[in-house]
Amino acid sequence: MAAEYYRLNRDKVGELFDRARADYDVVAKTRDANNNLIYGRPATFDDVAFVDQQPPMSAKTFALPQTETLVRYEREGDKIRAEGAAETTRDVLLFGVNMCDAAAFDVIDHVFAWDYLDDPYLNRRAATTQFALACTISQQDCFCDRISYAEESVDAVAYPLEDYYLVKVQTEKGRNLVARYKELFVPEEGDAESSIRAFQEKAGTAKKEPMLEAARAGLEKAFEHADWEILVSTCIGCGICTYTCPTCHCFDIQDEGGTVGGRRLRTWDHCTGRTFTAMAAHQPRDRQYKRYRQRLLHKFWYYPERFGPLLCTGCGRCITYCPVKINIKELVEYFGGLKDTPPGGARHGK
Amino acid sequence: MENSAERLYVPRLVRIVGVVAETPTIKTFQLSFEDGDRPDFKCGQFGEFGVYGVGEAAFCLASPPSRDGLEITVKEVGKVTRAFHNLNEGDVITFRGPFGNWFPYDDFKGKELLFIGGGIGQAPLRGLLRTCLDNRGDFEHIDLIYAAREECELVYERELVAFEGRDDIDVTLALDPVCPGEPIPGWRGRTSFVPPILEEERPSPDNRVVITCGPPIMIKLVAKSLLEKLDYAPGQIWTTLEMRMKCGVGKCGRCNIGSVYVCKDGPVFNYERILSLPQEF
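Chains X and F supply the protein sequences, listed in that same order. Numbering follows numbering that gives the first Met the number 0, with no gaps: position 333 of the first sequence is 332. Numbering follows numbering that gives the first Met the number 0, with no gaps: position 166 of the second sequence is 165.
The reader is advised that the hints may include incorrect statements.
Said to hold, decoys possible - Here's a subset of chain F near chain X, in silico, CB distances under 10 Å, partners left out:
#	residue
1	V53
2	R66
3	T80
4	D90
5	V91
6	G118
7	G164
8	R165
9	D166
10	P215
11	I216
12	V248
13	C254
14	S258
15	V259
16	P277
Unchecked claim - Below 27 Å or equal to it, Euclidean Cα-Cα: the simulated DSSO-like pairs (lysine-lysine) are:
#	chain 1	residue 1	chain 2	residue 2
17	F	K219	F	K263
18	X	K289	F	K108
19	X	K207	X	K324
20	F	K108	F	K263
21	F	K263	X	K289
22	X	K289	X	K338
23	X	K324	X	K220
24	F	K78	X	K289
25	X	K172	X	K220
26	X	K172	X	K11
27	F	K78	F	K263
28	X	K201	X	K11
29	X	K289	X	K324
30	X	K220	F	K219
31	F	K228	F	K110
32	F	K41	X	K289
33	X	K78	F	K78
34	F	K108	F	K41
35	X	K220	F	K223
36	X	K338	X	K220
37	F	K108	F	K223
38	F	K263	X	K220
39	X	K181	X	K11
40	X	K206	X	K338
Derived from the structure by calculation, the hints contain no laboratory data. Note that the Cβ used here is the ideal one computed from N, Cα and C, for glycine as well.
All chains should be built: construct the whole structure from the sequences, respecting the hints.
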């Protein structure tokens, strides 16, 4: 659909939040009991955190929970009864989610919807409406200005201009949201796209060359590059980069319970772990650098080769939270031939 | 869209109707689908088999699709396979599948076939080999070279003996040399790795396809020998790759080699394709 533009006055946002709670399970940035920033369910509008900063954990959990039940089983004698987990899904509104988190859903839709349909994911995805809040200033480690993810996939985006929110509605779900509370949204008469461009320039989120998509040709020649071992030898395989990542989607299937009853569940897993590909008699990724290389190349070569988009929205969490300060952006630039010099400093063992 | 979660992750229940102890660590399980028809499958495909409370693992479908039932051959090496080895006739396991691609059986018709199996790697070849023998007239020569580390790691012994008694398949059995050149007492076959056998017998590449499965190192050395010493083209070699899998349906991201999902684009691969992938094996 063609984008539509509205004004949302700042003093109407609280009303929007309260009214939306009647229709949606509203998720927004808030603080937990320990004052950590999370995507959660604020008790009141006053508990919503209007900050640019991303919560450490992305919003992917609302379509791909950290753990979910696939099957419940019970055994009685030699009879086994098993059934798929029935889930009633309420519509979720991601209220004020960062763009990098909102756009990540479109990226991973490709893998969950090719060939076999992964309904547990797709059903939750279909029930999720994104109402993103554009960043006023780019964050410490993020590089969304270097990645061309599908901004148009985000249902609605609010740009916090000087006096009001300029709301760009881009999908049917976004249109439904605005239609439900139409008294709060006033059609924008001015040149909205110019205002958005100016806003993004000021925020530092406008796209800048060279985009990281351009690294692909170089990466395709870099699999055997001798510097992998040197530059990522510090990786400890903790997996925090993957757990905080809005696009990392690899999972494990495990049983929990005993012989009498229990469940088969799906749970996040990570390719940087030692056991990820360990088999009975064979381990193709027997060194840590090979496991890190898999993560980087999956994101910037394999996934786009297969599905189109990079498996990254540039949120920068994997840089922020890496305990050994591995910087994926700098590594992509180096191995992809966009920069001649490797990422330097003691952090990379040089 | 309502029920495809059922299709994807909710397994069918399958009863064990027979157990054959192949070796001290390998058993073949004969399975029966009691909740409906056995699904159709093709030679080379695999399934996710599991024991509730323990978990699932991927095994190739090791019996010919044209015969009734379904067989899998399981080596006891980890948690799930240990649970399998503790099961008996009458026990119930879980099954999802069939998954993955298959051998291009029709393209093999009219050709000389050379099967090369290594250890439990014979399992993915077995359904195809027996199907070819059931339709013997469709093929030229059929050779089987089957190697294992030790005699007690040769699977399907009863079938090998039967093959040895037939005149329409040539069987060469081999065990890894413990002391090169020295015979192993009581062993009826050869004492050699596979590449020296190939280089001695020199099976001509004319109109022949090689179908091989075994440990990655064996596949690699067999291919090297065929390509570099015997003038085979990569396109004449077919193999199946083993990669750790969970979902079996191209979602969980575990079996990727480059942009290839072994569970969807494989497990059967032409060697030409393998050479084009990032060399993770």
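We went through each hint and held it up to the structure:
Below 10 Å, beta-carbon pairs count as interface contacts, and V53 (chain F) has one with chain X at about 6 Å; its hint therefore holds. With a least beta-carbon distance of about 26 Å to chain X, the hint placing R66 (chain F) at the interface is violated under the 10 Å criterion. Checking T80 (chain F) against chain X by beta carbon gives a least distance of about 8 Å; that is within 10 Å, so the hint holds. Given the 10 Å rule on beta carbons, the hint for D90 (chain F) holds: about 8 Å separates it from the nearest Cβ of chain X.
Look at V91 (chain F): its Cβ gets to within about 5 Å of chain X, closer than 10 Å, so that hint holds up. Interface restraint check for G118 (chain F): the shortest CB-CB distance to chain X comes to about 9 Å, inside 10 Å, so the restraint holds. The closest approach between the C-beta of G164 (chain F) and any C-beta of chain X is roughly 32 Å, which is over the 10 Å cut-off, so the hint fails. Contact between R165 (chain F) and chain X, as hinted, is not supported at the beta carbon level, the nearest pair being about 31 Å apart and thus beyond 10 Å.
Interface restraint check for D166 (chain F): the shortest CB-CB distance to chain X comes to about 35 Å, outside 10 Å, so the restraint is violated. Interface hint at P215 (chain F): satisfied, since its Cβ lies 6 Å from the closest Cβ of chain X, which is below the 10 Å cut-off. With its C-beta approaching chain X no nearer than about 9 Å, I216 (chain F) sits inside the 10 Å limit, and its interface hint holds. For V248 (chain F), the shortest C-beta to C-beta distance to chain X is roughly 4 Å, which falls under 10 Å, so the interface hint holds.
With its C-beta approaching chain X no nearer than about 8 Å, C254 (chain F) sits inside the 10 Å limit, and its interface hint holds. At its closest, the beta carbon of S258 (chain F) sits 4 Å from a beta carbon of chain X; the interface hint therefore holds under the 10 Å criterion. A hinted interface residue such as V259 (chain F) counts as satisfied when its beta carbon comes closer than 10 Å to some beta carbon of chain X; here the least separation is about 8 Å, so the hint holds. Using the Cβ-Cβ criterion of 10 Å, the hint placing P277 (chain F) at the interface with chain X is satisfied: the shortest such distance is roughly 5 Å.
Distance restraint check for K219 (chain F) and K263 (chain F): the Cα-Cα separation of roughly 22 Å lies within the 27 Å cut-off, and the hinted pair is therefore satisfied. Our distance criterion of 27 Å between C-alpha atoms is broken by K289 (chain X) and K108 (chain F), whose separation comes to about 41 Å. For the hint pairing K207 (chain X) with K324 (chain X), the CA-to-CA distance comes to about 24 Å; that is within 27 Å, so the pair holds. For the hint linking K108 (chain F) to K263 (chain F), the alpha-carbon distance of about 25 Å falls within 27 Å, and the restraint holds.
About 23 Å separates the Cα atoms of K263 (chain F) and K289 (chain X), which keeps this hinted pair within 27 Å; it holds. A C-alpha spacing of about 22 Å is found between K289 (chain X) and K338 (chain X), which places the hinted pair at or below 27 Å, so the restraint holds. As the CA atoms of K324 (chain X) and K220 (chain X) are separated by approximately 25 Å, the hinted pair is consistent with the 27 Å bound. A C-alpha spacing of about 26 Å is found between K78 (chain F) and K289 (chain X), which places the hinted pair at or below 27 Å, so the restraint holds.
For the given pair, K172 (chain X) sits about 41 Å from K220 (chain X) by alpha-carbon distance, which is inconsistent with the 27 Å threshold. Proximity of K172 (chain X) to K11 (chain X) is assessed by CA-CA distance (about 20 Å); at most 27 Å being required, the pair is judged to hold. Straight-line distance between C-alpha atoms of K78 (chain F) and K263 (chain F) comes to about 25 Å, which keeps the hinted pair within the 27 Å bound. Annotation: proposed proximity of K201 (chain X) to K11 (chain X) holds, straight-line Cα distance about 25 Å (limit 27 Å).
Of the pairs offered as hints, the one joining K289 (chain X) and K324 (chain X) holds, with about 18 Å between alpha carbons and a cut-off of 27 Å not exceeded. Only pairs whose Cα atoms come within 27 Å are accepted, and K220 (chain X) paired with K219 (chain F) is accepted, the gap being roughly 22 Å. For a cut-off of 27 Å, the pair hint linking K228 (chain F) to K110 (chain F) stands: about 21 Å separates their Cα positions. A hinted pair counts as satisfied when its Cα atoms are at most 27 Å apart, and K41 (chain F) with K289 (chain X) does not qualify at roughly 34 Å.
Between K78 (chain X) and K78 (chain F) the alpha-carbon distance is near 23 Å, which keeps this suggested pair within the 27 Å criterion. Simply put, K108 (chain F) and K41 (chain F) have alpha-carbon atoms about 16 Å apart, close enough for the 27 Å limit, and the pair holds. Our distance criterion of 27 Å between C-alpha atoms is met by K220 (chain X) and K223 (chain F), whose separation comes to about 23 Å. For the hint linking K338 (chain X) to K220 (chain X), the alpha-carbon distance of about 15 Å falls within 27 Å, and the restraint holds.
A threshold of 27 Å between alpha carbons decides the hint, and for K108 (chain F) with K223 (chain F) the separation of about 25 Å falls inside it, so the pair holds. Of the pairs offered as hints, the one joining K263 (chain F) and K220 (chain X) holds, with about 25 Å between alpha carbons and a cut-off of 27 Å not exceeded. About 11 Å separates the Cα atoms of K181 (chain X) and K11 (chain X), which keeps this hinted pair within 27 Å; it holds. Only pairs whose Cα atoms come within 27 Å are accepted, and K206 (chain X) paired with K338 (chain X) is accepted, the gap being roughly 18 Å.
Comparing the model with each numbered hint stated earlier shows that hints 2, 7, 8, 9, 18, 25, 32 do not hold.
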